[in-house]
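Chemist: Here is how the chains run, residue by residue.
There are 2 protein chains.
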Amino acid sequence: MAGLLDELIDALRCLPGVGPRSAQRMALHLLERDRPGGERLSRCLSDAMARIGHCSTCRTLTEHETCTLCGDAGRRRDLVCVVEAPADVLAVEQATGYRGQYHVLLGHLSPLDGIGPEELGLDRLEARLEAGEIREVILATGTTAEGEVTAHYIGEMARARGIRSTRIAHGVPLGGELEYVDRGTLSHAFEGRRDY
Amino acid sequence: MAGLLDELIDALRCLPGVGPRSAQRMALHLLERDRPGGERLSRCLSDAMARIGHCSTCRTLTEHETCTLCGDAGRRRDLVCVVEAPADVLAVEQATGYRGQYHVLLGHLSPLDGIGPEELGLDRLEARLEAGEIREVILATGTTAEGEVTAHYIGEMARARGIRSTRIAHGVPLGGELEYVDRGTLSHAFEGRRDY
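Residue numbers (this note's numbering), protein chains in the order written: chain A, 1 to 196; chain B, 197 to 392.
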């Protein structure tokens, strides 16, 4: 069929979770029923790809020098939450009442892949810790081995400056049934039990 | 968070089957891992929305005056298959060995919605039937009431010119289990049984 249509179907496949059939469905939907939507998507994509970079303070995604979270005077300046990715910032914002600062690593320590403290912006985090305002570092990196190593590394950074560091709780998810929870999580939940 | 990111997430929701969470996942994936893919998608979208129109012969989607199927000299010119949408053309091309012409209705007869023969390009189909080359009209409209009425209408158009019209077979799908097939399909399959 048409060259441009085939190209559009192929280009849509760069989206995660979109295979050949859904790409075709998307392309035909836009062409037949929502051309204004397709044009708007085209403009938003090119704007976003060209203009969105990283916040100079916390490293999350933003088109400004400083993101709106870092620029929000209403947020606590004595708490910083360390996460691996911008998606984690969105998840914390959407799910919790956390109203402090962030540091986004954009990865985790992985010396074999050449990812050291500098790649994770830890020099910048260090400068923030040195500045003296921060009193607690909340470690919300992943539960993979790399995530744990990264949490440990940053925990030590905080400890060296007499700053408290905490790790978010890992355990049985709410509504989770014990028999379906994996062994590592369950054993972790037992070790981390609290007074009731 | 960032204005441009929120706008991109919102714009992605014009895609069918994309809710707020997958839109967010798509936006972050493009920004963090595949900016060239995002830029290419933006270009393909704007090209496609601006330049893809309908084939002047069969009415399927194409950026040319005549689509590549209509322009293909290797295809039979004595067969025309009538379908409701461009997606149906792709489905027939991908699944069958059909090598004839098409007529794409871009809908079905629906007088209450103001969709009559003219909206379906039936004047153009009539002209093609009049031209004398076509010897069989394959009716592949949907099995809805409107699809059946449309098939009947076009069948009469063909009959009036002494042209054979056929309807694609409807029945139990391959691999389908009788107990899970809906009653209408099963009753249709019994009525349409053939010598074995």
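To be clear, the hints were calculated from the coordinates, so they are not data collected in a lab. These numbers were taken from a predicted model, which means no experiment stands behind them. Accuracy of the hints is not assured; some may be wrong.
What the hints assert, rightly or not - Here are a few chain A residues that sit away from chain B, every Cβ distance over 10 Å (derived from the structure): (1) 3; (2) 15; (3) 131.
Claimed, not checked - Derived Cβ-Cβ restraints for the label pairs, each shown as a range: (4) B:293 / A:35: 53 to 63 Å; (5) B:212 / A:65: 34 to 44 Å; (6) B:364 / A:142: 47 to 57 Å.
Glycine included, every Cβ here is placed at the ideal spot set by N, Cα and C.
Chemist: So, for every hint listed, does it hold in this structure?
Modeler: Here is how each hint holds up against the structure:
no.	hint	in the structure
1	3	violated, 7 Å
2	15	violated, 5 Å
3	131	holds, 24 Å
4	B:293 / A:35: 53 to 63 Å	violated, 33 Å
5	B:212 / A:65: 34 to 44 Å	holds, 37 Å
6	B:364 / A:142: 47 to 57 Å	holds, 53 Å
In this structure, the earlier hints numbered 1, 2 and 4 are contradicted, and the remaining ones agree with it.
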